[in-house]
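Chemist: Here is what each chain is made of, one letter per residue.
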Amino acid sequence: MISRDFSMTDNLLELTNITKTFPGVKALNAVNFSARRGEIHALIGENGAGKSTLIKIISGIYNKDSGDIRINGEKIEISSPKEARQNGISTIHQELNLVPFLTVLENFWVGREDDFTKMFLNKQKMRSQTETIFKRLEINIPLDVPVKKLSVANQQMVSIARAISEEAKILIMDEPTARLTADEINILFSTIKKLAEQGVTIIYISHRLEEIFQLAHRITILKDGEVQGTIPIKEATVSNIVNMMVGQNYENRFKKVQIDPGDKVLECIDLCDKTKLKNVSFSVRSGEIVGVVGPVGSGRTELVKAIFGDNPIHSGKIIVDGKVVHPKNPASAIKNGIALIPEDRRGEGLIMHMDVAENVTLPTFAQWSPLGFLRRRLDHKIAKEIAKKVDIRMASITQRVRYLSGGNQQKVVVSKWLVKKSRLFLMDEPTAGIDVGAKAEIYNLVSNLVSEGAGVIFISSEIPEVVNISDRILVMRSGTIVKQFDRSEASEEKILNVILGGEIS
Amino acid sequence: MDQKENGLEKFFSKKKISTNTNILIRYSTLMALIAVAIIFSITIPSFLTIRNLENLLVQMAVLGIVAVGLTFVTIPGEMDVSLGSVVTLAGVFAVSLMGKGFGLIPSLAAAMIVGIISGLINGLISIYGHISSLIVTLTIGAILDGVSLLYTGGYRLYKGILPSYLFIGTGKLFGIPMPVVIMFVVVFIGFILAHKTVYGRRLFSVGGNFNAARLVGINPKLTTLLAFVFCSLCSAMAGIIATARVGTAEPFVRFGYVMDAFAIVFIGTTTSAEGEPSIPGTLLGIIILGVLSNGMNLIGVPFSAQNILKGVIILFTVLISSIIRNQKK
Numbered sequence: 013m014i015s016r017d018f019s020m021t022d023n024l025l026e027l028t029n030i031t032k033t034f035p036g037v038k039a040l041n042a043v044n045f046s047a048r049r050g051e052i053h054a055l056i057g058e059n060g061a062g063k064s065t066l067i068k069i070i071s072g073i074y075n076k077d078s079g080d081i082r083i084n085g086e087k088i089e090i091s092s093p094k095e096a097r098q099n100g101i102s103t104i105h106q107e108l109n110l111v112p113f114l115t116v117l118e119n120f121w122v123g124r125e126d127d128f129t130k131m132f133l134n135k136q137k138m139r140s141q142t143e144t145i146f147k148r149l150e151i152n153i154p155l156d157v158p159v160k161k162l163s164v165a166n167q168q169m170v171s172i173a174r175a176i177s178e179e180a181k182i183l184i185m186d187e188p189t190a191r192l193t194a195d196e197i198n199i200l201f202s203t204i205k206k207l208a209e210q211g212v213t214i215i216y217i218s219h220r221l222e223e224i225f226q227l228a229h230r231i232t233i234l235k236d237g238e239v240q241g242t243i244p245i246k247e248a249t250v251s252n253i254v255n256m257m258v259g260q261n262y263e264n265r266f267k268k269v270q271i272d273p274g275d276k277v278l279e280c281i282d283l284c285d286k287t288k289l290k291n292v293s294f295s296v297r298s299g300e301i302v303g304v305v306g307p308v309g310s311g312r313t314e315l316v317k318a319i320f321g322d323n324p325i326h327s328g329k330i331i332v333d334g335k336v337v338h339p340k341n342p343a344s345a346i347k348n349g350i351a352l353i354p355e356d357r358r359g360e361g362l363i364m365h366m367d368v369a370e371n372v373t374l375p376t377f378a379q380w381s382p383l384g385f386l387r388r389r390l391d392h393k394i395a396k397e398i399a400k401k402v403d404i405r406m407a408s409i410t411q412r413v414r415y416l417s418g419g420n421q422q423k424v425v426v427s428k429w430l431v432k433k434s435r436l437f438l439m440d441e442p443t444a445g446i447d448v449g450a451k452a453e454i455y456n457l458v459s460n461l462v463s464e465g466a467g468v469i470f471i472s473s474e475i476p477e478v479v480n481i482s483d484r485i486l487v488m489r490s491g492t493i494v495k496q497f498d499r500s501e502a503s504e505e506k507i508l509n510v511i512l513g514g515e516i517s
Numbered sequence: 040m041d042q043k044e045n046g047l048e049k050f051f052s053k054k055k056i057s058t059n060t061n062i063l064i065r066y067s068t069l070m071a072l073i074a075v076a077i078i079f080s081i082t083i084p085s086f087l088t089i090r091n092l093e094n095l096l097v098q099m100a101v102l103g104i105v106a107v108g109l110t111f112v113t114i115p116g117e118m119d120v121s122l123g124s125v126v127t128l129a130g131v132f133a134v135s136l137m138g139k140g141f142g143l144i145p146s147l148a149a150a151m152i153v154g155i156i157s158g159l160i161n162g163l164i165s166i167y168g169h170i171s172s173l174i175v176t177l178t179i180g181a182i183l184d185g186v187s188l189l190y191t192g193g194y195r196l197y198k199g200i201l202p203s204y205l206f207i208g209t210g211k212l213f214g215i216p217m218p219v220v221i222m223f224v225v226v227f228i229g230f231i232l233a234h235k236t237v238y239g240r241r242l243f244s245v246g247g248n249f250n251a252a253r254l255v256g257i258n259p260k261l262t263t264l265l266a267f268v269f270c271s272l273c274s275a276m277a278g279i280i281a282t283a284r285v286g287t288a289e290p291f292v293r294f295g296y297v298m299d300a301f302a303i304v305f306i307g308t309t310t311s312a313e314g315e316p317s318i319p320g321t322l323l324g325i326i327i328l329g330v331l332s333n334g335m336n337l338i339g340v341p342f343s344a345q346n347i348l349k350g351v352i353i354l355f356t357v358l359i360s361s362i363i364r365n366q367k368k
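Sequences listed follow chains L and V, in order.
Numbering-wise, this note's numbering comes out as the position in the first sequence, counting from 1, plus 12.
Numbering-wise, this note's numbering comes out as the position in the second sequence, counting from 1, plus 39.
Please keep in mind that the hints were generated in silico from the structure rather than gathered at the bench.
These numbers come from a predicted model, not from an experiment.
Here are the computed lysine-lysine pairs in the DSS-like style, where the Cα-Cα straight-line distance is at most 30 angstroms:
| # | chain 1 | residue 1 | chain 2 | residue 2 |
| --- | --- | --- | --- | --- |
| 1 | V | Lys-235 | L | Lys-432 |
| 2 | L | Lys-137 | L | Lys-205 |
| 3 | L | Lys-135 | L | Lys-161 |
| 4 | V | Lys-260 | L | Lys-432 |
| 5 | L | Lys-506 | L | Lys-246 |
| 6 | V | Lys-235 | L | Lys-400 |
| 7 | L | Lys-181 | L | Lys-206 |
| 8 | L | Lys-329 | V | Lys-260 |
| 9 | L | Lys-347 | V | Lys-260 |
Next up, chain L with everything else stripped away, as it sits in the complex (with noise of 0.2 angstroms):
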């Protein structure tokens, strides 16, 4: 597969110093990018490293502030969607974009069911017409099934098959597996080799570097913004890629305090649930920060939302302070003396309209009103001491949430839970889509709270901070810990190794 050589074959695609800046950002800077017709081009880069940013300005999401894009070496410009789509560039997101009640007939046809006549539905053609293009692609589905019984795979399935049918010549796949199967990957490599061999260029972007190296022809590796490198895959191995990915500036680097851990707040022994997790045991120590790692879909939100009885169990124990519970909700987690920081700080986290005394208090306010009648001094109170601690800028106690930045309202969310006095902090990327600044702060704030005796689970996306934070790090792939490293023998490289599908002993 790899065989085939594309040294004769002119760029389908080419970018040209494409930067893009957002406030505050510099999210693409000088990137050079090109595919061959044919190809299958990986595009490889930690979170943050700007892999979504460059595909979302190909296929027309975001506009460039400057550069160029050619196709077949002619200057074009892409400032909507549906320009990319005239232009053959096509995208098979994540989400996938059909309407689940619709049949796949249907879906196939949707938005476009005027390409044949201009009054009525012609069916007969419609129906012949996907019949080739399965054919072509040779995916053997039924035509008359709502989208909503047909599995993740077989949906993608039918979103290439349009995007083909669009006449794309161009497509670009943002994790495509990262829901998928053994089985069903190996499905959807094959069709996608097919469509190589067709002609199609893919643009392939995965975590998993076991995947491209089955699939891809080259691999881009992006780095904050900038190029790495681009590499045949003949010459790539897994420890250059790696090496290219991280590289060696990480500021603010924190001064991590050790701590010597207690007794364990938190032990999960072959922790189950309906879908995702499947035997996971590990445990945490007060005064202890356990970092844990792994790409999108594989458990780690899962985890915690079921130590926070979130997530129903299936099998399994979870002990917290020496004692098995069964936390059914929210509710009895939290009388536990377990907190979560869930990664949604704006859709679970806060309530956006309410002031910062009653988002601090939410947990707490009933406890200090016997008789059920709210004693909003004593909340303000409460609330101005918290947030003296842990130094929220807000106008006042009674500013609006909404109104606060993003490290605050940070701080809001972790505040609710000082004043509960929790013990067990489960902090779901706690640190994303905050600047700088203020995620040293959240660090220091994870520091206090360790120091003062709590045990901390600390999701993240990001290796170098969980490498500086953590005491121990679990690495989670599908559903399941494959890896845990002590603070001693923990480097971002190892990491990245194990997460990308590297060996794991």
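Chain L is already provided as a structure; the job is to place chain V on it using the hints.
Modeler: Frame of chain L, contents of chain V only:
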């Protein structure tokens, strides 16, 4: 600390300006009320008399109580369009029990039980069945209407109404008509419950962010269910007053209540910075709708035209609160 707060206050002053423009929108409702009241006072001689104002409040009492209940359902973002049917059915039950020789207390209790059961049915089906409360309460309303008609055979009930029952609708306490007294008591209880209790804070939290409320240990479903029950209880109480005022119970549907109660709550939302329902807002809505209806009646605006005007007012207020909310985003 104080100094620091002052510094930051200045820093955030930009946002203060935008809040000021909102205050203009927020108080526009109140100012509109004052303007309308002044115009009516000048143009209609009989408007600003104690007798008319008393009349106005009595006219609004039944609807006001219904609207306070509806406010609770709208705080977590739900709806109840069965409330008119609950008003009817509760009144029918109370009056019919007296007709069968039951005393005051059992009759009132029967009406209240009608309220509690309707609220439970509405809430349980829409919350635990994951069905839009609009659809659920619309259907339950139709069923309740059917029960009223079936139970009465379509006839008006007036037999056996006790004088003590009539007192609820026509009597006076300290010179104030009973319906008005009860309405203000309900408004007061509603205010305390929504804005001064743990339950109220929870209800607003659920309305603000269902998932965030759940993840701090609040039971959002139970909280919402109780709001449905409170709403239907208010409607049942309104049903008692409505039948006690006229001395008969009619098994006829009161669609007007639904429309007017929503108008009141929507007018109320325009007074909140976030476009949220609130009891003070609802009180303002009661008075505004009361003044408008009363004024239009005095001028002699035909009933049909009044409906058109009310519809326009609802659309207008919904538009305002939508603008407020979008500005905040």
